[in-house]
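Asker: If you want the building blocks of each chain, they are given just below.
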Amino acid sequence: MQITRRSALAGTALAFGAGIGGLPYRSAKAQAANTIRIGVLTDMSGMYRDNTGPTSVACARQAVAEFGQRGFNVEVIEADHQNRPDVGVNLARQWYDQGVDVIIDVPTSSVGLAVNQIAREKNKAYINVGSATADLTGAQCSPNTVHWAYDTWMLAKSNGGATVRAGGDTWFFITADYAFGHALERDTANFVRASGGRVIGQVRTPFPGTTDFSSFLVQAQASRAKVIGLANAGADTQNCVKQAAEFGITRRGIKLASLLLFINDVHGLGLQTAQGLTCTETFYWDLNDRTRAFTQRVLPRTPNNYPNMIHAGCYSGTLHFLKAIADMGVAAAKASGVDIINRMKAMPTEDDAFGAGQVRPDGRRLIPSYLFEVKSPAESRGPWDYLKLVQTTPAAEAFRPLGEGGCALVRS
Amino acid sequence: MASETTAGAIASPRDEIGFWGFSKPQLAALAVLIAFIAVAPYFLYPVFLMKLLCFALFACAFNLLIGYVGLLSFGHAAYFGMGGYIAGHTAKVWGLTPELAVLAGAAFACVQGWIFGWIAIRRQGIYFAMITLALAQMVYFFCLQAPFTGGEDGIQAIPRGSLFGVISLEPDMTMYWFVAAVFLAGFLFIHRIIHSPYGQVLKAIRENEPRATSLGYRTDDYKLVAFILSATISGVAGGVKSLVFGIATLTDVFWAMSGEAVLMTLVGGIGTVFGPVVGAAVIVTMQNYLAEMGAWVTVIQGVIFVIIVLAFRRGIVGEIANLLRVKL
Amino acid sequence: MDEIFGIPAPLLFGQLLLGLINGAFYAMLSLGLAVIFGLLNIINFTHGAQFMMGAFVAWMLLNWLGLGYWWALLLAPLIVGLSGVIIERTMISRLYKLDHLYGLLLTFGIGLIIEGVFRNYFGSSGLPYRPPAELQGGWDLGFMFMPVYRFWVVVFSLVVCLATWLMIEKTRLGAYLRAATENAALVQAFGVNVPRLITLTYGFGVALAALAGVLAAPIYSVNPQMGTNLIIIVFAVVVIGGMGSILGSVLTGFGLGVVEGLTRVFWPEASATVIFVIMAIVLVTRPAGLFGRA
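Chains as they are written, first to last, in the numbering used here: chain A, 22 to 433; chain B, 939 to 1266; chain C, 941 to 1234.
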């Protein structure tokens, strides 16, 4: 008797241990048919937290608040994909299966591309804002996906062409050794060559795990290139910039072209170190009256972190999505993600953050891109007054032409 | 380690070995486990459960080394990740059926385990852990550079295919039964190894290697075989995981993944049969559901590890077994 | 211009020097790790987080209290070292009789907590920190530009490493320490307060990590994950040098910095992996490390 009781106890304990896995699952499933659910899948705990993360969520919520009540409820949920494709895929599948209608943001290209597959498989809507890869509207384009704020091609075009025209015609790349870095280097090199410049060398730095770039910077300097292209992001870029200043590279007239630099990175570097860098964005809070108004509205939700183009993209993408839903009706929207995306493509986009725009058949959202230069401490007049506009690329030219991406949606 | 694990593993008189090396409490626990696997997909999200089972198998394979041979490998991600890459590549590019793709992954992990094990088993303790870590980092570097792995993007859109070319695994529930079958087979296989005469020799080596040597056992050979088995099963787990998610990426070969295997086993209970399964359940659940708690994930994870190390060192299953004075 | 293996000789000298400077960081971090391992038998996986704390405390001192770099160099190690003492007293001290694994996991967990808290409070994109005015600028050595600050880092860390080595090898306190490493019970019987010695040793090792963090703040991005990637490399350095060997970890730190620097010229992609290749080779041929006793 004793043994069986023990055995039973042991079994129960095991069942309890294994069973905690499922507790919260059902509770999330209580949902009304009249509720649109928006899932913000982002990096809450990794190196892109400030560039995406909580501020992306705040901006999506701001859009929902401004959209108001138009006959259906809207719910925003958030999750941290930890920059791991497997975690991202698991969450995306689970969300879609549990009635989430759209997933938005998804930084880190590997995760962004993986979620792209899931959205298509489940026929749900997907608005990618945070990933840089131009493949989302190229080889891997999908009828369920819109790519909202930027991509590697657009960064390369804005920065590469303009820098060569300004006299920086010989380039050396310091490239983070992974897919994003390679793509950024390749695209930029093409523009450098097309504008009459030359690429005289490149070095691939291990990612992640490199904190000291002085060795690579010295190699770049020894190549006698006029421009050092930084095809990396986040902490890598910051370390490069910091150490380039230390080694007097910028003072000797060599130009640093940071191909992906967010205003939050500038904040992290400080103007003293970052001044003179160029960066390409599609949004800057101090660009015009409308962007300033948007920023003032959203700042109470994110007091310590000003919005960048990804954050503004989450706002604008959510708003446009909700407009499309209001236009087509909740029942039709729940039936097919492709229909939502088609409706979004059919309607012109319009919001305070980006002004007017449109979504192309391949899922690329067209907006102008801006080349900025980081101000010197003397030029900066207040908190987060960091950038000055150098050049604007009109929406029609800012992104890769429709026919060149190899997107299957375009050929058919 | 030895004193710690054996404390939980001292057999009480009631632990007479029954069917297939399972004692009665273990049989009861096994029955609950099988019942859970059979019923769970109707209540819980199947993809989540599949992930859980893959990691549970991975942790069991890891436990085979640390729990029964006393070898702490800090490089098991190499076999798990390569198993995933090979299975993904063969399924996607060569068009192999899922069972063959997983076998290909396992075969590769087996060869890899053979070579790495041959190098590593000459060292013990922390040095063994370090060699396995070093070798795994080289594998990581290979995966980062080799074109077929797709670098940071990984191998994406891996088809689940049709089992034996007949049964489509695309529906989540069908895939779930396939994963459950693989997991149970692996789990029982590991259990069988532990309770075979060969397993008894492994335990003797763990407790006192010079003595085992003096009894005439070629301990290095025994350790190597255990290492190869552990690596191969890890490869199976990795291969199945890549089919479940349709993706094989660098995170699976990164050293943090090796750390995860250690954590799962520790949380569940080192040297217990069911510990790794429960540990994997806890960790995978934490990753999944804490994800919605946003920024505090790492803090909560850290707190849990600290509490376990300070207060529940035998792990969940180990503590329960100790409380009930049975082996689990 | 002379060339060595197709690389201009001046460039190569420059890279050797840069490698040496990087080695200074490895040396200081691995020194702390080795000191802790030698006496406590604990692999301190919190080391990366404590390195990061050093840099952050320097930033806080500057921005909250207006205390500059030189004060930070003194105060940050003390503050972080004190936090280490608290961690040792409340948690680590319970694990000494157990396997390495538990200490490793505990400190790993503590590291996760510290990192997460800092990330929630300061965000992840980093904080600005400038080198002090006295150490800005640099010299043109002909074959390369040598920033004053890097020179300072290498000299200062050499002094710290040497002082630590002297303290352990030549002073009475160091003698107690070494004796306690060999046989704690016996030393205790002679009337030395071994638990306190252990606590102070942990605090000292942690302070070394924080000191390295302050040194790093002006040249590396100050963000919560700055120590995460370093810890595994530093750990490898300690293993190659021989676990617990003070001199070994210092020499190996500088040596591997140089090897890594050279790899960055010849095969940059592999520069993060080369340390592990060396570790595998060393462990296969000399199991106790280059300078350790088997």
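By construction, these hints were calculated from the structure, which means they are not laboratory data. Given the structure is predicted, the values throughout are model-derived calculations rather than measurements. Hints are supplied without guarantee of correctness; some may be wrong.
[As the list claims (entries may be wrong)] Listing some non-contacts, in silico: residues in chain C with all C-beta distances to chain A over 12 Å: (1) N962; (2) T1121; (3) F1144; (4) V1162; (5) I1173; (6) G1201; (7) E1209.
[Stated by the list, open to error] So these bits of chain C aren't anywhere near chain A, every CB distance computed over 12 Å: (8) L1052; (9) N1123; (10) N1169.
[Said to hold, decoys possible] With the C-beta cut set under 8 Å, the calculated list includes, among others, these residues of chain C facing chain B: (11) Y1042; (12) G1077; (13) A1220.
From the three backbone atoms N, C-alpha and C, an ideal C-beta is built for every residue, glycine too.
Asker: If a hint holds in the structure, say so; if it does not, say that too.
Answerer: Structure-based check of each hint:
Look at N962 (chain C): its CB is around 5 Å from the nearest CB on chain A, not clear of 12 Å, so calling it non-interface is violated. The claim that T1121 (chain C) is not at the interface with chain A holds, since no C-beta of that chain comes within 12 Å of its own (minimum 32 Å). The Cβ of F1144 (chain C) sits about 24 Å from the closest Cβ of chain A, beyond the 12 Å cut-off, so the non-interface label holds. With a cut of 12 Å on Cβ distances, V1162 (chain C) falls inside the contact zone with chain A, its closest approach being about 8 Å.
At the 12 Å boundary, the C-beta of I1173 (chain C) falls inside the reach of chain A, the nearest C-beta of that chain being 7 Å off. The beta carbon of G1201 (chain C) sits about 6 Å from the closest Cβ of chain A, which is not more than 12 Å, so the claim that it is off the interface is violated. Not every C-beta of chain A lies more than 12 Å from that of E1209 (chain C), the closest at about 5 Å, which undercuts listing it as non-interface. Not every CB of chain A lies more than 12 Å from the CB of L1052 (chain C), the least distance being 10 Å, so the non-interface label is violated.
For N1123 (chain C), the non-interface assignment is confirmed: its Cβ lies about 39 Å from the closest Cβ of chain A, beyond the 12 Å cut-off. Residue-level check failed: N1169 (chain C) sits 4 Å from the nearest beta carbon of chain A, not beyond 12 Å. Nearest Cβ of chain B to the Cβ of Y1042 (chain C): about 5 Å, under the 8 Å cut. The hint holds. Checking G1077 (chain C) against chain B: minimum C-beta separation of about 38 Å lies over 8 Å; hint violated.
Hint status for A1220 (chain C) relative to chain B: holds, with the closest Cβ pair at about 4 Å, below 8 Å.
This entry does not satisfy hints 1, 4, 5, 6, 7, 8, 10 and 12, going by the numbered hints stated previously.
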